[in-house]
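**Q** The residues making up each chain are set out below.
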Amino acid sequence: MSTSTAPPRGVTNIKVETLARVEGEGALTVRLRGARIEDVKLRIPEPPRFFEAFLRGRLFSEAPDITARICGICPIAYQMSSVHAMEKILGIAIHPAVRQLRRLFYCGEWIESHALHIYMLHAPDFLGCADVVEMTKDYRAAVEKALKLKLIGNKLVALMGGREIHPISATVGGFFRVPSKEELAAIRPELEWALEASIETAKLVAGFPFPDFNQDYEFVSLSHPDEYPLNEGRIVSNKGLDIDVSEFEDHFLEQHVKHSNALHSVLRERGSYLVGPLARFNLNYDKLPEAARRTCAEIGFQPPCLNQFKSIIARAIELIFSCEEALRIIGSYEPPPAPRVQAPPRAGTGQAATEAPRGTLYHRYVLDDKGVILSSRIVPPTSQNLKRIEDDLWRFLPSLLEQPVEEITLRCEQAIRNYDPCISCATHFLKLNIERT
Amino acid sequence: MTPCPEEKVVHTRVIGIGNPDRGDDAAGLLVARRLAQLGADAVEFTGEALSLMDHWENCESVILVDAVVTGGRPGEIIRWDAVAERLPREAFRCSTHVFGVAEAVELARIFERLPARLVIYGIEGVSFEPGTPPCHEVLDAVDTVSAEIHRLISPRAAAAD
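Quick note, the sequences are listed as chains A and B, same order.
So the first sequence is numbered by the numbering used here: it starts at 106 and just counts up by one.
So the second sequence is numbered by the numbering used here: it starts at -15 and just counts up by one.
Pulled out of the complex, with its shape left as it was, chain A reads as follows:
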């Protein structure tokens, strides 16, 4: 909704409310003085949720289920980062089949989250539609495809985790229950359909109109020597960062800024950076499986891509990867001898990072000798991207100033949605205020 009110002489105030298609509650204020941008602030008024505080005093085994409640879209990411950190402390080595199942579980989350964002949240921006309902009138087949893709992701998550939202099967050391070969084989035809649908998705979004917006980003993601990153790897960047996950806090700094209840994360002495699909794609292209790379070649999408508006293409490529990887795992699956490995609690500190759909998710826990959590630290991908979103808007706005206010607003919203921000799992509106003097 966009409203313009009569301003005092010489001043133009434009207030735009209710930006949907963003997870969580936030607001953007842009202050313009003539052709000069005076301020850009992505404000996050949503109250802090204190997860790190109320994990204190809880048993290590409770962390996966408690942290999963942080997000209804990416609970598996929270479960995976927490179980890996705990296993590091307890000295647990999981069975290789369990490791594969965790990747499969994660593929389900990537499929449902990426399908949702590509079609329901982001595509309307590129197609000139107000929302997916309007988009459906002209692109009915595409939306039907999205719904089916999302459903297949949900089914895979439910199969692995016991239910679609906030799954309950993941635990420190493995799973409470692992699927049979037959159960996994049953979802194979749907994943084969999803793979083809994902390839079509990439071809569709590659044809969208993109603004010319190449930036000197520092891309950050996990990197693994043999596989496209999901559950493990070193933290690397295109500007020379290459660290073990345990060194995360030596290099990344979370800062409180007055206008946001979500912390802003920066690389020490370097500033903002970018996590998420485009970063993963640029840093791990050579680990993509065959169909994903073939599609990249067909649509002419190659690293390095420095235009975050094209993150929708990277997301579609990762959709292909998720289906391909899920099919690979299902095809070679042999159930582990036991669903999980248990170990007695012991004191220690453990860090882990995994790749949530929106980017790298870091957890760190300190346990006492009874396995009680003494402290925890959680750095979600969106807080890592918040500063970068503001930086993008500072750089993008000058190209828009000759445009009508409605167009400026729409493009700012689109630039924010490039990051698929998940501000919280509560309400979902972002108010945009443009102040012109």
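Derived from the structure by calculation, the hints contain no laboratory data.
Incorrect hints may have been included.
Straight-line Cα separation of at most 16 Å, EDC-like style, residue types lysine to aspartate or glutamate; simulated pairs [said to hold, decoys possible]: (1) Lys193/A to Glu305/A; (2) Lys242/A to Glu96/B; (3) Lys253/A to Asp38/B; (4) Lys193/A to Asp474/A.
Here the structure of chain A is known, so what remains is to put chain B in place on it, guided by the hints.
**A** Chain B in isolation, oriented as in the chain A frame:
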């Protein structure tokens, strides 16, 4: 004996939508819980609205209950016939993530996946703070809506009126 059309009892599914931990947003869930205890086909739905149409697949008649914000008085009950009319989107923004009940209904309409009968009960909420209980006006409305729906879907209850 084959029942004549007038005697046919249409099975109705009740779907209560909301978040149990955000104040008045729990209204729909509480209605569904009450009706399930009375033996009705009533489900609590805390997921995303995008999958709503999967939850009414193959249902001929559906009643959906959710908290709404229309500017009315707390606990006010609003009823929409979603087959006959479009839902006001702004009313359903309090209990959803990226995709609301109104959008889900409109998508289902385009895809011709609406049930033959879809009635929506909205209960006006005022507070959606995390960790708070519903206000007493909303709890009163939960009683009223539960009783009304029970009468509508239970032939025995209707006959006793």
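**Q** Within a Cα-Cα threshold of 16 Å, do Lys242/A and Glu96/B meet the stated pairing?
**A** holds, 13 Å
**Q** Is the straight-line distance between the alpha-carbon of Lys253/A and that of Asp38/B 16 Å or less?
**A** Status holds; Cα separation ~11 Å.
**Q** Are the Cα positions of Lys193/A and Asp474/A separated by 16 Å at most?
**A** holds, 14 Å
**Q** Starting from Lys193/A, check that the Cα of Glu305/A is at most 16 Å away, please.
**A** Since the Cα atoms of Lys193/A and Glu305/A sit roughly 40 Å apart, the hinted pair is violated (cutoff 16 Å).
Hint violations for this structure: number 1 only, all remaining hints satisfied.
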